[in-house]
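Protein chains in written order, with UniProt numbering: chain B, 1 to 465; chain F, 1 to 465.
These are computed hints drawn from the structure, not numbers from a lab. Among the clues, some could well be false.
No copy labels: a pair is met if it fits in one copy or bridges any two.
[What the hints assert, rightly or not] Okay, derived cross-link-like pairs now, DSSO-like style, lysine-lysine, Cα gap no bigger than 30 Å in a straight line: (1) 27 x 111; (2) 362 x 139; (3) 362 x 27.
Protein chains: 2
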Amino acid sequence: MWPKILILTLVVALVKTEYKYETKYFKVPLDHFGYQRSERFQIKYLVNDDYWNTQNGPIFFYTGNEGQIEVFAQHTGFMWEIAQEFNAKIVFAEHRYYGASMPFGNKSLDKEHIGYLTSSQALADYADLIDYLQDHSIKPKYPVIAFGGSYGGMLAAYFRMKYPHIVTGAIAASAPIHMYPGMAPCDAYYRIVTSSFKVEGQSCKDNIKRSWKVIRDFTTSANNTAWLKAKWNLCDPVKNATDVQDLIDFLGSMYETLAMVNYPFPSDFLVPLPAYPVRVVCQYLNESITNSTLLLERIGKVLDVFTNYDKKSKCVDYKKGSDYGNLDASGWDYQACTEMVMPMCTNGQHDMFEPNPWNFTKYSDDCHSKFGVYPQPDAARITYGGDRLAAASNIVFSNGLLDPWTAGGILNTVSESVEAVVILDGAHHLDLMPSHPSDPPTVTFARSFHKQRIHKWIRQFRSRI
Amino acid sequence: MWPKILILTLVVALVKTEYKYETKYFKVPLDHFGYQRSERFQIKYLVNDDYWNTQNGPIFFYTGNEGQIEVFAQHTGFMWEIAQEFNAKIVFAEHRYYGASMPFGNKSLDKEHIGYLTSSQALADYADLIDYLQDHSIKPKYPVIAFGGSYGGMLAAYFRMKYPHIVTGAIAASAPIHMYPGMAPCDAYYRIVTSSFKVEGQSCKDNIKRSWKVIRDFTTSANNTAWLKAKWNLCDPVKNATDVQDLIDFLGSMYETLAMVNYPFPSDFLVPLPAYPVRVVCQYLNESITNSTLLLERIGKVLDVFTNYDKKSKCVDYKKGSDYGNLDASGWDYQACTEMVMPMCTNGQHDMFEPNPWNFTKYSDDCHSKFGVYPQPDAARITYGGDRLAAASNIVFSNGLLDPWTAGGILNTVSESVEAVVILDGAHHLDLMPSHPSDPPTVTFARSFHKQRIHKWIRQFRSRI
Chain B
1 MWPKILILTL
11 VVALVKTEYK
21 YETKYFKVPL
31 DHFGYQRSER
41 FQIKYLVNDD
51 YWNTQNGPIF
61 FYTGNEGQIE
71 VFAQHTGFMW
81 EIAQEFNAKI
91 VFAEHRYYGA
101 SMPFGNKSLD
111 KEHIGYLTSS
121 QALADYADLI
131 DYLQDHSIKP
141 KYPVIAFGGS
151 YGGMLAAYFR
161 MKYPHIVTGA
171 IAASAPIHMY
181 PGMAPCDAYY
191 RIVTSSFKVE
201 GQSCKDNIKR
211 SWKVIRDFTT
221 SANNTAWLKA
231 KWNLCDPVKN
241 ATDVQDLIDF
251 LGSMYETLAM
261 VNYPFPSDFL
271 VPLPAYPVRV
281 VCQYLNESIT
291 NSTLLLERIG
301 KVLDVFTNYD
311 KKSKCVDYKK
321 GSDYGNLDAS
331 GWDYQACTEM
341 VMPMCTNGQH
351 DMFEPNPWNF
361 TKYSDDCHSK
371 FGVYPQPDAA
381 RITYGGDRLA
391 AASNIVFSNG
401 LLDPWTAGGI
411 LNTVSESVEA
421 VVILDGAHHL
431 DLMPSHPSDP
441 PTVTFARSFH
451 KQRIHKWIRQ
461 FRSRI
Chain F
1 MWPKILILTL
11 VVALVKTEYK
21 YETKYFKVPL
31 DHFGYQRSER
41 FQIKYLVNDD
51 YWNTQNGPIF
61 FYTGNEGQIE
71 VFAQHTGFMW
81 EIAQEFNAKI
91 VFAEHRYYGA
101 SMPFGNKSLD
111 KEHIGYLTSS
121 QALADYADLI
131 DYLQDHSIKP
141 KYPVIAFGGS
151 YGGMLAAYFR
161 MKYPHIVTGA
171 IAASAPIHMY
181 PGMAPCDAYY
191 RIVTSSFKVE
201 GQSCKDNIKR
211 SWKVIRDFTT
221 SANNTAWLKA
231 KWNLCDPVKN
241 ATDVQDLIDF
251 LGSMYETLAM
261 VNYPFPSDFL
271 VPLPAYPVRV
281 VCQYLNESIT
291 NSTLLLERIG
301 KVLDVFTNYD
311 KKSKCVDYKK
321 GSDYGNLDAS
331 GWDYQACTEM
341 VMPMCTNGQH
351 DMFEPNPWNF
361 TKYSDDCHSK
371 FGVYPQPDAA
381 RITYGGDRLA
391 AASNIVFSNG
401 LLDPWTAGGI
411 LNTVSESVEA
421 VVILDGAHHL
431 DLMPSHPSDP
441 PTVTFARSFH
451 KQRIHKWIRQ
461 FRSRI
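Let the sequences and hints guide you as you build the complete structure.
Right, here's the structure in full:
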């Protein structure tokens with residue numbers, strides 16, 4: 001179930017603001033860490049120089065995550081909004097194997113080509129690109145600030161950790177860098193999802209929790225198929241056990257997504273949603289509903305908010321799974337099956353989901369049958385570290401307490417220059433989004449904290465030239 | 001000419017002390033940064049636990065450089081001598097593609113297999129090995145101190161820079177991490193070689209400088225072949241231009257090696273040498289020798305000291321080039337042809353050598369014809385950085401001013417925890433060698449500086465558990 005989760009997470013706002021940039025391409029080696037393969041290919045990057053002071057203005061560099069880079073450029077309003085104040089160049093770099101940055105064209109995700117899709121290779125791409133943007137200078141002129149949200153936030157932090165000579169500082173928003181095996185309890189993520197619903201009313205959470213058995217019972221009878229298809233506006237009828245599971249997985253992802261993007265303003269997301277979408281859907285569940293049919297009708301209303309808020313959807317395509325949405329993030333399944341092993345589980349006790357323990361053996365077998373690889377559960381911890389962040393510097397980790405990914409985030413300041421900012425009312429990397437009149441003061445504070453630190457890092461950079 | 005130089009540098013003392021260790025093997029992936037290749041192979045490592053406090057004693061970890069690890073274990077006396085004081089476990093890890101750590105057996109250095117010989121892969125091997133030695137623990141029990149000399153010193157520093165969560169601190173002895181293109185003047189190395197000879201007398205240096213033309217003139221006549229072979233005890237006669245160049249390259253390397261290993265005590269090296277070998281050979285050159293035959297006779301005496309101090313050599317095998325010596329370091333040529341690009345040049349003005357400008361095009365073409373690869377002159381700088389060491393921490397860079405490799409060393413303290421120690425009377429990583437009654441006070445100071453810093457790093461580690 002879970003590998004699609006992060007994808008959904010990251011299929012973020014299609015915000016209305018249209019930012020302007022030039023689209024460029026940069027050649028990188030397929031393999032930065034060996035010389036057996038000599039192929040090179042192009043990664044895409046987007047640039048805006050409108051506010052740039054070419055003498056010594058900083059480069060604001062978004063470390064692209066799993067998806068077309070345009071999506072991240074369009075919704076990381078924070079970078080655009082502060083560029084003028086800093087006289088910054090803005091760069092959004094696309095992660096290899098996503099969007100148009102394909103080493104082997106449309107065969108890139110084939111088993112025989114996909115193996116160079118790793119975070120280390122992506123970071124090395126970014127390092128090469130920045131070296132180019134600095135004119136390959138021994139003493140680079142421009143301070144570079146890395147920005148990223150979610151997996152992009154992990155990359156921003158890792159970029160500073162691994163290449164501090166290239167990146168002056170990093171704003172790592174909602175970066176679950178502790179989500180690896182043994183580092184965070186596997187049930188924390190779903191506990192946070194649950195608590196987001198519980199906050200809107202105990203009944204909301206209880207009804208959802210009760211709904212799983214109701215759905216399973218209801219769908220055992222073929223007579224109910226037509227009713228459910230009609231009431232829930234499903235594209236396909238629920239005819240067998242696989243369909244039932246797909247539907248339940250879809251609903252699970254829906255609740256997760258609603259929690260993640262529980263922003264204080266309406267957003268055009270993967271699915272367009274109203275402000276505070278969790279509150280909106282909980283309106284339909286805010287009394288104890290013991291009648292099964294009524295409960296199913298109400299869940300149908302929730303589905304309708306999630307899938308058809310803009311009244312443009314024909315039907316609920318619950319079978320689409322991880323392809324749901326318009327971000328082409330199919331490479332993520334492979335990353336989750338190699339280095340990005342992030343155990344998740346539910347127990348049905350402290351969360352509103354069906355019990356689903358973390359089973360690494362099954363996970364591993366599934367990965368092998370799908371990609372011919374076995375996950376390396378220690379790889380990311382060995383490469384990037386875990387608890388010992390004290391040797392790092394100039395990173396701000398921000399996390400919103402409404403965001404399930406906070407389960408793997410850094411919530412406490414580690415040192416003078418590895419700092420945590422907690423955004424009480426924030427969902428998934430709200431601080432990177434365009435500012436909005438409904439923003440809670442906590443995110444406004446986070447953004448000014450970021451700006452202060454960026455100023456400090458730039459001063460540091462300049463004092464060392 | 002030059003790729004063999006570093007090899008000679010590192011073909012270090014076959015010291016008399018025999019240290020005891022267990023020989024073990026550890027399985028590592030061929031490619032740590034991608035998943036296209038799934039082969040694994042074994043690297044060798046040596047362990048001694050005699051003094052180890054298994055509760056929380058540190059691990060002293062030598063980041064093996066280009067050669068069999070036993071050679072480094074046997075002559076890094078400093079680690080052995082301080083192990084008891086620190087209750088340390090001692091580990092010497094062999095660098096992939098050297099010694100017995102061959103991914104493809106005796107075919108490892110073939111063009112189709114050698115591409116995974118890189119510093120990044122070697123560091124990742126070491127990270128995996130330490131993770132294993134720490135029982136794959138999320139919160140490792142044992143502080144790890146990295147040690148290394150020369151390329152091994154570069155690796156020790158890089159290890160701390162890239163994996164600070166795994167390595168608590170690093171003693172990087174004679175690590176020329178600024179030897180990359182554009183970072184140090186290409187003639188500095190040979191200027192230091194020259195100055196080591198000049199210190200022993202202006203005439204010594206002048207005679208050597210004059211000798212090149214004398215040798216070239218003398219060897220143009222076939223009549224002189226027999227005389228030179230006999231006087232210099234050459235294994236092969238000097239018959240053509242290639243032979244002349246080989247001989248001149250051999251002599252150049254000899255002067256370099258003499259400068260590098262200009263230790264205050266006799267050592268069994270690649271070639272056994274007396275204490276202060278530069279002083280010893282300069283005894284033969286310490287007057288202005290204008291007579292060509294006499295000069296050649298005297299150079300013959302120098303050759304004899306260098307090649308036959310123990311009276312065991314049958315003849316001078318000047319054609320052996322980079323294979324001269326018993327360290328199997330043939331992989332180094334490949335590393336120098338890929339990421340380890342270290343420009344060197346002479347101009348015959350500020351040095352005692354024939355002018356030999358740095359010609360990257362020729363160098364690059366030679367690499368391509370030999371290995372099918374082109375050197376990447378920016379690679380190491382992008383991966384490891386150059387001037388911007390301020391973000392690093394817990395590294396001591398030590399350099400001896402007698403050592404030509406100091407040309408690419410860090411001679412000035414960068415920050416509170418990236419410190420430089422200059423050893424006025426020190427040759428190549430003298431501080432890592434076993435202590436000796438003739439040690440100058442400057443190296444004794446360096447060693448106690450190292451110990452103090454190691455104590456400090458271990459305290460830091462423990463205070464953060």
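Is it within a copy, between copies, both, or neither that the alpha carbon of residue 27 lies no farther than 30 Å from that of residue 111?
For residue 27 and residue 111, the Cα distance is within 30 Å both inside one copy (23 Å) and across copies (24 Å).
With 30 Å as the alpha-carbon cut-off, assign the pair residue 362 and residue 27 to within, between, both or neither.
between (39 Å within a copy, 25 Å between copies)
Between copies, within a copy, both or neither: which fits residue 362 and residue 139 at Cα up to 30 Å?
This pair counts as between: shortest inter-copy Cα distance 27 Å, intra-copy 50 Å.
Hint violations for this structure: none, all hints satisfied.
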